[in-house]
Amino acid sequence: MPTITIDNKKVEFENGMTVMQACELAGAEIPRFCYHEKLSIAGNCRMCLVEMEKAPKPIASCAMPAGEGMVIKTNTDTIQKARKGVMEFLLINHPLDCPICDQGGECDLQDQALHYGFDKSRYEENKRAVKNKHMGPLVSTIMTRCIHCTRCVRFSTEVAGVDDLGLLGRGESAEITTYLEKTIDSELSGNVIDLCPVGALTNKPYAFKSRPWELTKTETHDVLDGVGSSIRVDTRGKQVLRVLPRINEDTNEEWINDKTRFAIDGLSRQRLDKVYIKNDNKLNVADWDTALNKIKYELNKRGKEKTIALSGKFTDAETIIASKLFLDGLGSNLYDCRFDNAQIIHNESESYKFNSSIQEIENADSILLVGSNPRWEASVLNARIRKAYINNNCKVGVIGPHLDLNYPYTKISNSLSGLNDIKEKKSEFSNIFHNSKNPLIIIGTSAINNSEGASVLKLCADIAKKLPNYSNTFNPLNILNQDISRVGSLELGFVNKEFDKNFKENIKENIQTNKPVIFLLGLDEIDPKNLEQAFVVYIGHHGDLNAQHADIILPSPAYTEKTSTFMNIEGRVIQTSRCHNPLGEAKEEWKIFRVLSDLMNCDLQFNNLNDVRKYLVDNNKNFLQILECNNTSNLSFASPEVITELTIAYNISNFYMNDSISRSSETMANCTNEILNKAKAS
Amino acid sequence: MKHPGMTNKVYNISNDVFNWSEDNFNRVSEIIKKYPNSRQQSAVIPLLDLAQRQNSGWLSKTAIEKVAETLSMSYIRVLEVATFYSMFNLEPVGENFVQICRTTPCWLRGSDKLTKVAKEISNSKLGETSTDNKFTIVEVECLGACCNAPMVQINDNYYEDLDEDNFRKILIDLKNNKSINKGSQIGRQTSHPKRGNDA
Numbered sequence: 001m002p003t004i005t006i007d008n009k010k011v012e013f014e015n016g017m018t019v020m021q022a023c024e025l026a027g028a029e030i031p032r033f034c035y036h037e038k039l040s041i042a043g044n045c046r047m048c049l050v051e052m053e054k055a056p057k058p059i060a061s062c063a064m065p066a067g068e069g070m071v072i073k074t075n076t077d078t079i080q081k082a083r084k085g086v087m088e089f090l091l092i093n094h095p096l097d098c099p100i101c102d103q104g105g106e107c108d109l110q111d112q113a114l115h116y117g118f119d120k121s122r123y124e125e126n127k128r129a130v131k132n133k134h135m136g137p138l139v140s141t142i143m144t145r146c147i148h149c150t151r152c153v154r155f156s157t158e159v160a161g162v163d164d165l166g167l168l169g170r171g172e173s174a175e176i177t178t179y180l181e182k183t184i185d186s187e188l189s190g191n192v193i194d195l196c197p198v199g200a201l202t203n204k205p206y207a208f209k210s211r212p213w214e215l216t217k218t219e220t221h222d223v224l225d226g227v228g229s230s231i232r233v234d235t236r237g238k239q240v241l242r243v244l245p246r247i248n249e250d251t252n253e254e255w256i257n258d259k260t261r262f263a264i265d266g267l268s269r270q271r272l273d274k275v276y277i278k279n280d281n282k283l284n285v286a287d288w289d290t291a292l293n294k295i296k297y298e299l300n301k302r303g304k305e306k307t308i309a310l311s312g313k314f315t316d317a318e319t320i321i322a323s324k325l326f327l328d329g330l331g332s333n334l335y336d337c338r339f340d341n342a343q344i345i346h347n348e349s350e351s352y353k354f355n356s357s358i359q360e361i362e363n364a365d366s367i368l369l370v371g372s373n374p375r376w377e378a379s380v381l382n383a384r385i386r387k388a389y390i391n392n393n394c395k396v397g398v399i400g401p402h403l404d405l406n407y408p409y410t411k412i413s414n415s416l417s418g419l420n421d422i423k424e425k426k427s428e429f430s431n432i433f434h435n436s437k438n439p440l441i442i443i444g445t446s447a448i449n450n451s452e453g454a455s456v457l458k459l460c461a462d463i464a465k466k467l468p469n470y471s472n473t474f475n476p477l478n479i480l481n482q483d484i485s486r487v488g489s490l491e492l493g494f495v496n497k498e499f500d501k502n503f504k505e506n507i508k509e510n511i512q513t514n515k516p517v518i519f520l521l522g523l524d525e526i527d528p529k530n531l532e533q534a535f536v537v538y539i540g541h542h543g544d545l546n547a548q549h550a551d552i553i554l555p556s557p558a559y560t561e562k563t564s565t566f567m568n569i570e571g572r573v574i575q576t577s578r579c580h581n582p583l584g585e586a587k588e589e590w591k592i593f594r595v596l597s598d599l600m601n602c603d604l605q606f607n608n609l610n611d612v613r614k615y616l617v618d619n620n621k622n623f624l625q626i627l628e629c630n631n632t633s634n635l636s637f638a639s640p641e642v643i644t645e646l647t648i649a650y651n652i653s654n655f656y657m658n659d660s661i662s663r664s665s666e667t668m669a670n671c672t673n674e675i676l677n678k679a680k681a682s
Numbered sequence: 001m002k003h004p005g006m007t008n009k010v011y012n013i014s015n016d017v018f019n020w021s022e023d024n025f026n027r028v029s030e031i032i033k034k035y036p037n038s039r040q041q042s043a044v045i046p047l048l049d050l051a052q053r054q055n056s057g058w059l060s061k062t063a064i065e066k067v068a069e070t071l072s073m074s075y076i077r078v079l080e081v082a083t084f085y086s087m088f089n090l091e092p093v094g095e096n097f098v099q100i101c102r103t104t105p106c107w108l109r110g111s112d113k114l115t116k117v118a119k120e121i122s123n124s125k126l127g128e129t130s131t132d133n134k135f136t137i138v139e140v141e142c143l144g145a146c147c148n149a150p151m152v153q154i155n156d157n158y159y160e161d162l163d164e165d166n167f168r169k170i171l172i173d174l175k176n177n178k179s180i181n182k183g184s185q186i187g188r189q190t191s192h193p194k195r196g197n198d199a
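First to last, the protein sequences are chains A and B.
The first sequence lines up with residues 1 to 682 when you count with our numbering.
The second sequence lines up with residues 1 to 199 when you count with our numbering.
If you're looking for bench data, these hints aren't it; they were derived computationally from the structure.
Just to be clear, a hint being listed does not mean it is correct.
[Unchecked claim] Just so you have them, the derived chain B footprint on chain A, three or more residues with Cβ under 8 Å:
id : region
1  : 157-171
2  : 178-190
[As the list claims (entries may be wrong)] So, partial list: chain B residues that the calculated Cβ filter (under 7 Å) puts toward chain A:
id : residue
3  : E69
4  : L71
5  : S72
6  : S74
7  : R77
8  : T83
9  : C146
10 : C147
[Stated by the list, open to error] Below 25 Å or equal to it, Euclidean Cα-Cα: the simulated PhoX-like pairs (lysine-lysine) are:
id : chain 1 : residue 1 : chain 2 : residue 2
11 : B       : K9        : A       : K678
12 : B       : K194      : A       : K131
13 : B       : K182      : B       : K194
14 : B       : K61       : A       : K680
15 : A       : K182      : B       : K194
16 : B       : K2        : A       : K127
17 : A       : K304      : A       : K127
18 : B       : K9        : A       : K182
19 : A       : K458      : A       : K504
20 : A       : K131      : B       : K182
21 : B       : K61       : A       : K678
22 : A       : K127      : B       : K9
23 : B       : K61       : A       : K131
Beta carbons: idealized from backbone N, C-alpha and C, even for Gly.
Generate coordinates for the entire structure from the input sequences, incorporating the hints supplied.
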């Protein structure tokens, strides 16, 4: 490996690195504004100047490729002076409004001005002022603060894939804007707030709410989509004020989507914080004892062995295992998690996991999307597909109706029968697909939530098995679940064959004949009409679509209020942390089932969270390793099925509001109005 | 300094439509052909120029959008280019776009007087269009013909070795739609010394 000398220290570096990256290897910190690891190099802020031997003047280390034998100095007097000069220029037009700036306390410019700034200004001319720009309901702008690093422009063009932001004019009149101040039309737009090194682009809903040092910061994971992005939740008291991404190369890189970031105001609206019992068609506040005894009475009256439990979008693994053990104790196995009617192959974990891992998308050179809109179903995963398109010119084929994706794609068919053509290499795309080195299949739940679902999985497995990159260690078949709860529930066997094929009809029929007690674990995606005959116990945190139809409501904490375990789409085990105490009387679900089990004499053996987790691991060893996923590559269910003509309908119609938390969020409602409805109107 | 090429605002006229004229449509495809495959977007500057010529010397919102659509670029990318170069005018200009050089050599040789004449004849302020739509007068920095200072550029042509009198005549002729001679107004060959070829 080539070596470079940095501050008299020799370090080895990899070819293709820049001087700045080599300096970081040597432990020398280089100040920067425009440079960002995940974006292309611009080299326009000039803050990263270093001295290079034999060079007549300082060089911008972010844009200079490191070379064998270079001698770099990062902390000489010349460099200090040069950086001070750059800083003085940057500050010439920067307003002194730190006291009212939301970036205050976490501002790169503020921090670096501490080291390289002068205590007074030598500039006596007029300062420039720039009109603020409208960029939508999420990003607020104070453009006079902008230092033209163009990180936001590069992010929206390269990562988000929407050519919305640009730098107009030049020199003193340069300004960042969207075309005619239109809204940024991307579900990753919030990331420009983190990228902005100054306070020019800030979080609109969070404006003037708090200072960074007043907040309690908790590292946790997101549960609003299947990816389980690593996030940091900032809270004050019992209020979640903002969500920021954490770097996790396995899942979300450095980004999070706008729902993860901005739906948090939904956490303090429409909350279920008390126990409710329905009397005379009206929900009245009650206490836990009365409610639990009422459930006991109904369980005995209606037949405890007929009890049903259905999980929802955010049901964690602890709840799943506790409710499963409880139902087992009652003598019932009528539990299921496939409320969207997604078909799986029983006992085959490869039929519901994202087997190849999310990171592997980067290496793909062709991707077949079957009934999936990754841009909405898993936005940060979609950013990886775009990355593959940019870096490897990845070809994308779509089976399903028209999609608004941020990379070019070939549409194969509206109907699932397009899979037959792929298998028989009939369509144009199938040749590209079969001849590429690293093809991947991504199946969305919209492709498998129908009567053909199991056949689709079998046929895709058959196709996957014949792909060049399929091996014992690599599985190119991926299922993209939309919900964080799904993979964990299926891994724990929270599924019943009785509800196969047609979930809705089966549940309806079961309820009409048996009139059982049904536990909805935060499930809102089921038609309340089908529940009329049953005694409905809703355990959840939001008074959303189904809570009002429940006979008893038991409040439980939301994902920021409890430590719980999930499996993301890859089967990666993630644990959320409690960021603040639950609201009102909410109790963790496993505690509720523990008390109920005492009442029903079915003797559950756990008394604390660790006990529950022991059961988790006993039930499925994959829960043992946090942040790891163990995926296999057998595809033993592969078979050359033939799919009938069946048009795909995507099962997500509004990215911003598709679960109980985001439906309660005002910010998300604004986004729906300003972004989605406007797009529809034009 | 007010200048229609130095604004970041998009000027929109309601119900304005921009379509390539038949001639220009053919030229567009010829221009695009000059660039390698998948690099067609490099044609953005020549196309903006073509659109500006077709649209009486300035780029309207619809013209910018037409160029973007022709090259499958996003609007903002084209607007970035159009705002970067001061030669692309983003506001309507008169029939004669008069750019008076005011950098040191021209200024020493009397460009201030030319500005005064131009204002007087067009009866408008700097950066504005005269009411008869004949002139837009602006002051600009060096246009690179200092040897024949003072000079102005009117549309595509340079007019050099000016003084108050011959510049006034040029402007009056333009106002009356008479033809005028471009280049040096005292018969100088290119940048030869003033006395002729005897130097």
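Do the hints match the structure? See the list:
1. Three residues within the 8 Å Cβ limit are the bar, and the region 157-171 of chain A against chain B gives 8, so the coverage statement holds.
2. A count of 3 residues in the region 178-190 of chain A with a Cβ less than 8 Å from any Cβ of chain B is obtained; the coverage claim is therefore met, three being the minimum.
3. With its C-beta approaching chain A no nearer than about 13 Å, E69(B) sits outside the 7 Å limit, and its interface hint is violated.
4. A least Cβ separation of about 12 Å between L71(B) and chain A goes past the 7 Å threshold, and the interface hint is therefore violated.
5. Checking S72(B) against chain A by beta carbon gives a least distance of about 11 Å; that is not within 7 Å, so the hint is violated.
6. A least Cβ separation of about 3 Å between S74(B) and chain A falls short of the 7 Å threshold, and the interface hint therefore holds.
7. The beta carbon of R77(B) comes within 6 Å of a beta carbon in chain A, closer than 7 Å, and the hint placing it at the interface holds.
8. At a threshold of 7 Å, the smallest CB-CB gap from T83(B) to chain A is about 4 Å, leaving the interface hint in force.
9. The beta carbon of C146(B) comes no nearer than 23 Å to any beta carbon in chain A, farther than 7 Å, and the hint placing it at the interface is violated.
10. For the restraint placing C147(B) at the interface with chain A, the shortest Cβ-Cβ distance is roughly 28 Å, beyond the 7 Å limit, so the hint is violated.
11. For the proposed pair K9(B) and K678(A), the alpha carbon gap of about 23 Å is at most 25 Å, so the pair holds.
12. The hinted pair formed by K194(B) and K131(A) fails the criterion: a straight-line CA distance of about 50 Å is larger than 25 Å.
13. Taking the CA atoms of K182(B) and K194(B), the gap is about 17 Å. The hint holds against a cut of 25 Å.
14. In summary, the hint linking K61(B) to K680(A) is supported, as the alpha carbons are separated by about 23 Å, within the 25 Å threshold.
15. Taking the CA atoms of K182(A) and K194(B), the gap is near 56 Å; set against the 25 Å cutoff, the hint is violated.
16. Between K2(B) and K127(A) the CA atoms are separated by roughly 18 Å; this keeps the pair inside 25 Å, and the hint holds.
17. Our distance criterion of 25 Å between C-alpha atoms is broken by K304(A) and K127(A), whose separation comes to about 76 Å.
18. Of the pairs offered as hints, the one joining K9(B) and K182(A) holds, with about 14 Å between alpha carbons and a cut-off of 25 Å not exceeded.
19. For the proposed pair K458(A) and K504(A), the alpha carbon gap of about 23 Å is at most 25 Å, so the pair holds.
20. For the suggested pair K131(A) and K182(B), the alpha carbons sit about 42 Å apart, so the restraint of at most 25 Å is broken.
21. For the given pair, K61(B) sits about 21 Å from K678(A) by alpha-carbon distance, which is consistent with the 25 Å threshold.
22. This hinted pair checks out: K127(A) and K9(B) have alpha carbons roughly 21 Å apart, not beyond 25 Å.
23. A C-alpha spacing of about 20 Å is found between K61(B) and K131(A), which places the hinted pair at or below 25 Å, so the restraint holds.
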